[in-house]
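S.K.: Here is how the chains run, residue by residue.
Protein chains: 2
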Amino acid sequence: MNAKLLLLTLPLLPATATADEGMWLPSQTAQIGDKMKAAGLQMDPAKLGDFKAPPLNAIVSLGGCSAAFLSNEGLVATNHHCVYGSIQYNSKPGQDYLTDGFMAKTNADEVPAEPGSRIFVYEDLRDVTRDMMRGIAPTLAGKARFDRLDANRKGLIAACEKQPSRRCDVRPYFGGSLYLLQQQLEIKDVRLVYAPTGGVGNFGGETDNWMWPRHTGDWGFYRAYVAPDGSSAPYDKANVPYRNKAKLTIAREGVKDGDFVMVAGFPGVTNRLATAAEAKFNYATFAPADQKMRSDYADLILRETANDPAEAIKYASIVRGVENYKKKILGEIAGADAIDLNGRKAREEAAYRAWVQADPARARQYGASVAALDAVIAENQAAQMDGLRFNALTRAQLLTAARIAYRWAKEREKPDAQREANYQDRDRTPRVEQLIRIERRYVPRVDRAIFEQALTEYRKASATARNPAFEAKLAAIGMDRLYAQTKLADTATRVGWLDKPASAFEASDDPFIQLAVAMYPAEIAAETRAKDREGRIQAARSTYLAGMRVYGDSIGKPLYPDANGSLRFTYGNVGGKARDGQIWTPFTTAEGLLAKQTGRGDFNAPATFIAALKAKDWGSYAHPTLKTLPINYLSNVDITNGNSGSSTLNARGEFVGLAFDGTLDGVIADWAVDPARLTTIHADSRFMLWTMDKVDGAGRLLTEMGVR
Amino acid sequence: MNAKLLLLTLPLLPATATADEGMWLPSQTAQIGDKMKAAGLQMDPAKLGDFKAPPLNAIVSLGGCSAAFLSNEGLVATNHHCVYGSIQYNSKPGQDYLTDGFMAKTNADEVPAEPGSRIFVYEDLRDVTRDMMRGIAPTLAGKARFDRLDANRKGLIAACEKQPSRRCDVRPYFGGSLYLLQQQLEIKDVRLVYAPTGGVGNFGGETDNWMWPRHTGDWGFYRAYVAPDGSSAPYDKANVPYRNKAKLTIAREGVKDGDFVMVAGFPGVTNRLATAAEAKFNYATFAPADQKMRSDYADLILRETANDPAEAIKYASIVRGVENYKKKILGEIAGADAIDLNGRKAREEAAYRAWVQADPARARQYGASVAALDAVIAENQAAQMDGLRFNALTRAQLLTAARIAYRWAKEREKPDAQREANYQDRDRTPRVEQLIRIERRYVPRVDRAIFEQALTEYRKASATARNPAFEAKLAAIGMDRLYAQTKLADTATRVGWLDKPASAFEASDDPFIQLAVAMYPAEIAAETRAKDREGRIQAARSTYLAGMRVYGDSIGKPLYPDANGSLRFTYGNVGGKARDGQIWTPFTTAEGLLAKQTGRGDFNAPATFIAALKAKDWGSYAHPTLKTLPINYLSNVDITNGNSGSSTLNARGEFVGLAFDGTLDGVIADWAVDPARLTTIHADSRFMLWTMDKVDGAGRLLTEMGVR
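The listed protein sequences correspond, in order, to chains A and B.
Per my numbering, the first sequence starts with residue 1, numbered consecutively.
Per my numbering, the second sequence starts with residue 1, numbered consecutively.
Any given hint could be a false lead.
Identical copies go unnamed one by one, so any copy, or any two together, can satisfy a pair.
No more than 20 Å apart at the CA atoms, straight line, and that leaves these computed lysine to any residue pairs for SDA-like [as the list claims (entries may be wrong)]:
{"hint": "1", "residue 1": "K614", "residue 2": "D340"}
{"hint": "2", "residue 1": "K154", "residue 2": "S71"}
{"hint": "3", "residue 1": "K326", "residue 2": "T207"}
{"hint": "4", "residue 1": "K614", "residue 2": "N342"}
{"hint": "5", "residue 1": "K35", "residue 2": "A338"}
{"hint": "6", "residue 1": "K326", "residue 2": "T598"}
{"hint": "7", "residue 1": "K292", "residue 2": "G575"}
{"hint": "8", "residue 1": "K314", "residue 2": "E534"}
{"hint": "9", "residue 1": "K614", "residue 2": "A338"}
{"hint": "10", "residue 1": "K460", "residue 2": "G205"}
Read the hints as simulated data drawn from the structure, not as lab findings.
Here the structure is a predicted model, which is why all the values come from computation and not from measurement.
When you get a sec, could you build the whole thing from the sequences and use the hints?
M.R.: If you want it as structure tokens, here you go:
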């Protein structure tokens with residue numbers, strides 16, 4: 001689960017709750033309180049939903065990963081793979097933090113995280129469904145509906161962001177039958193504090209990724225910095241550590257088999273509420289194509305950078321994300337077959353639809369949405385395939401830069417409230433950082449090869465989705481001139497385009513800018529078609545799922561919304577799993593790590609770490625009954641991408657580790673949960689603390705965290 | 001464990017018996033009888049060593065794999081990977097038995113196995129140590145000792161082979177302190193009867209190789225044919241099925257957790273009696289170099305044959321063997337570290353050597369051998385590395401053919417008894433078959449690339465080991481001419497050389513023949529040096545290990561000899577294993593196979609098989625408590641390469657499956673046994689019978705085997 005979450009606009013299974021399944025909203029914690037108590041919770045369940053109280057006010061988002069404060073000085077723990085981009089950003093030949101790890105000796109030694117790094121502290125979450133639906137009649141459809149929802153959303157966000165240092169967002173739940181406005185304090189000065197050596201933080205590498213038994217030290221630390229007056233500010237040397245309101249207490253004892261654990265974090269995307277047709281299309285058509293494209297993409301980069309370590313470092317983070325995702329998709333495809341996703345979805349869907357038809361009032365209320373949803377979904381499938389092909393072009397980094405800059409210029413011609421999402425004034429800093437970030441991930445020869453591969457994919461799209469003006473312009477320029485004459489490889493030039501008027505673009509002789517300008521009209525037309533579909537989908541799905549919520553309550557299985565990157569609770573217990581020919585026992589140990597260590601490839605922890613493990617000086621970090629250092633453990637909490645970096649909490653809400661992965665046979669849970677397959681892998685807090693204490697010289701952090 | 005065994009002359013850990021460890025000689029079965037009874041044996045242990053009685057007279061060798069008669073009509077069961085070469089040999093584009101499997105509808109449809117295929121039926125095994133030591137004084141050393149041993153051995157074999165259809169051999173045990181003469185009936189007409197589809201027989205492929213959980217249908221069937229008069233004869237249409245004296249009974253019930261199982265077969269090479277220095281050298285130096293060479297070799301072939309399926313089929317068997325072995329070596333290197341092989345060997349060796357020195361009589365008897373063995377081993381290490389490099393040249397197939405043919409001519413100049421092993425009259429057929437076999441595994445372009453890679457390895461050998469005459473001749477000919485002008489690619493031409501006099505070779509203008517002639521003098525000189533070392537090693541090691549046998553008996557841990565391709569017994573129990581973070585449970589099931597099936601790559605069983613599994617029509621083949629079809633199971637019997645294809649027998653000596661692999665963490669057992677790591681994987685007889693019955697239409701074989 002190493003890929004940072006990209007928020008996809010993909011659709012959404014009837015998630016009928018079982019013992020441990022569920023990504024619950026904070027407001028639902030009271031509703032599942034009895035079940036949590038039965039599982040072992042030793043706190044007031046209702047309190048778990050309180051943003052003013054621990055543990056919730058110590059949980060933060062990194063905008064793609066989850067994290068938590070472990071001190072009152074802004075110290076944040078997350079996964080190694082969530083700070084990987086920042087380690088890479090600060091590495092260069094001769095200063096290889098990816099391999100050697102990074103430990104700032106003092107606060108002053110902490111280095112800026114990669115551009116765009118953020119820490120978001122939740123301040124509030126409230127129901128704005130009525131505000132969102134203002135002016136929207138049930139009959140309002142297509143693009144008009146989309147536009148009205150968009151305008152309402154922007155208005156709510158703008159009003160919210162009048163408060164200082166706030167980042168606000170309105171997200172749809174249950175297909176848009178519920179909208180919640182979330183308010184977060186946005187910390188812009190994020191610094192890398194500590195990362196273990198790559199041989200520990202990524203022990204097992206791709207070989208062990210999504211696998212159990214596992215022995216990965218998947219932790220890393222950031223610190224939040226603010227201006228001396230306490231306000232949120234970009235990086236500045238004079239900034240000071242953020243004094244957060246609450247932190248997680250490090251549990252005095254770690255977990256043991258059967259213990260209650262819970263995770264609060266930001267799961268990215270699930271599609272459990274999707275229709276049977278959507279699931280079938282995904283696994284029969286979309287996912288296999290997506291997997292093949294990612295596989296080709298990673299292979300190409302590896303081939304192109306094979307002979308130059310500096311180039312390989314530049315593309316390491318991209319390759320890692322792609323490799324991870326392609327493995328996950330393969331696991332999903334296998335899992336869909338194994339749990340008979342098609343049959344299961346069809347049965348569940350038939351039951352709900354029969355319930356709708358069984359009662360005339362229900363049939364009147366929800367019946368039309370069933371047919372409408374099925375129709376627009378069928379139409380949407382072709383568009384999804386086209387989008388997959390077309391979006392391969394975004395991998396050509398200077399083309400993407402030119403398109404962002406020109407779009408920025410075009411959107412600036414409108415009043416802020418009317419601009420597209422991601423192109424409002426509030427989005428300027430992320431766009432600047434996006435343009436800057438390219439500098440450490442760009443090699444012209446490699447980018448050109450990527451672009452050429454992307455063009456091959458693009459050409460498989462339908463005639464509707466292809467862009468003749470783009471093709472004509474590209475043919476006129478030619479690949480050689482494109483890369484020889486562009487000035488966009490220079491960061492200052494690239495970023496400088498962001499403030500120029502559209503006319504400057506249209507007059508430019510930079511070939512990538514010309515390409516972006518040529519593409520624009522057809523892009524806008526395609527976007528308009530997409531908005532029309534989205535408006536119709538929202539109209540149908542919000543009603544369809546509103547009905548399904550009533551149905552869920554009626555059969556005693558309350559629904560939780562699909563993951564959408566917002567804060568959720570999940571709970572379960574530490575425990576093993578029975579698999580064919582094997583039983584996964586809940587803990588791995590130092591001895592198992594040593595047995596895997598080969599000193600080569602993915603199993604190459606550094607000699608000092610290995611020597612310390614062999615010395616067995618566990619101190620207070622040993623597992624009480626295993627009598628050795630626990631490394632990773634299993635639980636059945638329900639997480640997905642985006643939960644990476646989430647602190648794992650015990651029955652009293654104390655820190656006992658970090659969730660960092662699932663197992664490949666469980667990834668199908670993004671579409672449908674088979675409780676026997678719910679498997680989350682956690683880095684044991686004792687492993688982390690022992691390594692910080694005995695190997696990595698992180699004593700100052702342990703003191704700061706109150707561990708010693 | 002898919003590589004057919006090559007008998008290496010590598011050395012040999014103090015194998016002190018524990019509960020289940022041991023590759024025991026038939027004559028030792030009485031000695032371990034009490035332990036076998038305690039483990040669950042329900043037969044008279046002494047009877048197990050009787051060649052005239054079942055089960056022993058049903059166990060046969062394939063000369064690299066093990067097998068057993070399952071009917072009275074010569075029907076032999078072994079592993080799919082042991083008949084793989086024969087499936088490949090009979091496949092061609094449009095007739096792909098590797099993928100589609102092979103099932104002969106009648107005896108007449110059975111096809112010849114690949115050239116060189118043999119079935120060896122044990123007739124006798126007796127101690128000839130006194131005959132071997134005739135004329136050998138304790139002081140006789142070096143090449144003179146080697147030559148005398150060689151002459152004695154040849155004399156014993158020649159006398160034995162005067163009996164019709166016999167293949168005889170004298171093999172050293174305990175470093176040559178014991179020699180046994182084995183007599184086998186040699187069946188030369190071997191035919192392929194049945195192999196499951198590649199998707200079943202090799203399910204899991206390289207991904208699952210050496211792994212658990214496993215789901216491989218690793219079985220295949222040959223039939224022994226003889227002349228109508230019952231004598232052994234080469235393939236002839238008029239030949240008839242061999243009427244063997246005994247067959248294994250198929251157990252009415254399969255095995256369950258904890259059941260006693262035993263395996264009788266032909267383990268190839270172990271080095272458990274090697275010295276600490278030999279073990280250390282192997283894992284620090286030899287094995288890593290060997291692994292790298294094999295890896296490069298396989299990569300090269302895959303690259304060269306990537307675009308042509310016909311070429312890929314030609315090299316499939318070679319690649320498979322190489323891939324398998326390189327994975328095993330990696331496992332051994334990791335295992336050596338994990339069990340602290342160096343420390344362990346050093347401690348065991350020190351204890352034995354202290355015992356020698358603790359008594360003046362023992363010191364007199366064995367003391368000198370300790371120093372002598374250490375000295376010659378040190379000297380031998382450089383030669384082993386050189387041999388590794390030099391022998392890469394044997395991969396160039398026409399060069400090897402030319403060298404064999406010329407050597408054959410040179411040896412024929414001597415009386416038969418004085419010729420080198422493998423070049424006596426008795427060896428003519430195997431040499432002819434070796435020359436023929438090349439035709440289905442040779443592509444000039446690929447062979448040339450292999451030869452060039454081998455030359456790079458060869459050039460890393462020491463000056464002593466390099467062959468200047470070979471180098472000069474090769475430079476004079478040049479690679480282009482070598483491949484353009486040789487006629488050896490033609491099978492008739494190649495085989496025709498075997499009967500020509502040496503002078504014809506010396507006058508030949510075939511460039512490969514010229515190369516072989518040029519190489520010859522230095523080859524003979526190198527062989528003479530090797531014989532001198534071997535003579536000294538035999539003198540020292542035979543005394544050293546004779547002392548260790550006395551030592552073993554004195555501490556109540558009788559020694560068994562290292563594996564040397566001869567018949568051995570091992571016993572144990574069906575059972576799981578605890579591993580870090582997991583427990584391997586003893587059985588895999590149909591459901592687990594279905595969960596792995598992706599329809600792609602290594603997990604691509606055919607649709608008809610998958611449909612039959614999903615239909616769950618287990619009949620009498622279900623496991624009684626698991627209530628489903630068992631696929632593979634685990635035991636702790638002690639096997640290695642060469643045991644592949646061994647029938648697994650229950651407490652009454654009945655057939656319950658086929659041993660086919662171990663797990664990677666256990667392969668270090670070739671050098672030292674950690675009982676916790678002894679893990680053998682068996683194909684469950686119920687899986688085999690069900691597939692034959694319900695999927696592969698092998699009813700006639702089931703009837704023949706008395707199953708129905």
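S.K.: All hints are to be evaluated individually against the structure, with a verdict given for each.
M.R.: Structure-based check of all given hints:
no.	hint	result
1	K614 with D340	between (46 Å within a copy, 12 Å between copies)
2	K154 with S71	neither (35 Å within a copy, 81 Å between copies)
3	K326 with T207	both (13 Å within a copy, 17 Å between copies)
4	K614 with N342	between (49 Å within a copy, 16 Å between copies)
5	K35 with A338	neither (29 Å within a copy, 44 Å between copies)
6	K326 with T598	between (26 Å within a copy, 15 Å between copies)
7	K292 with G575	neither (35 Å within a copy, 40 Å between copies)
8	K314 with E534	neither (37 Å within a copy, 55 Å between copies)
9	K614 with A338	between (41 Å within a copy, 11 Å between copies)
10	K460 with G205	neither (33 Å within a copy, 33 Å between copies)
Consistency note: the structure conflicts with the earlier hints numbered 2, 5, 7, 8, 10.
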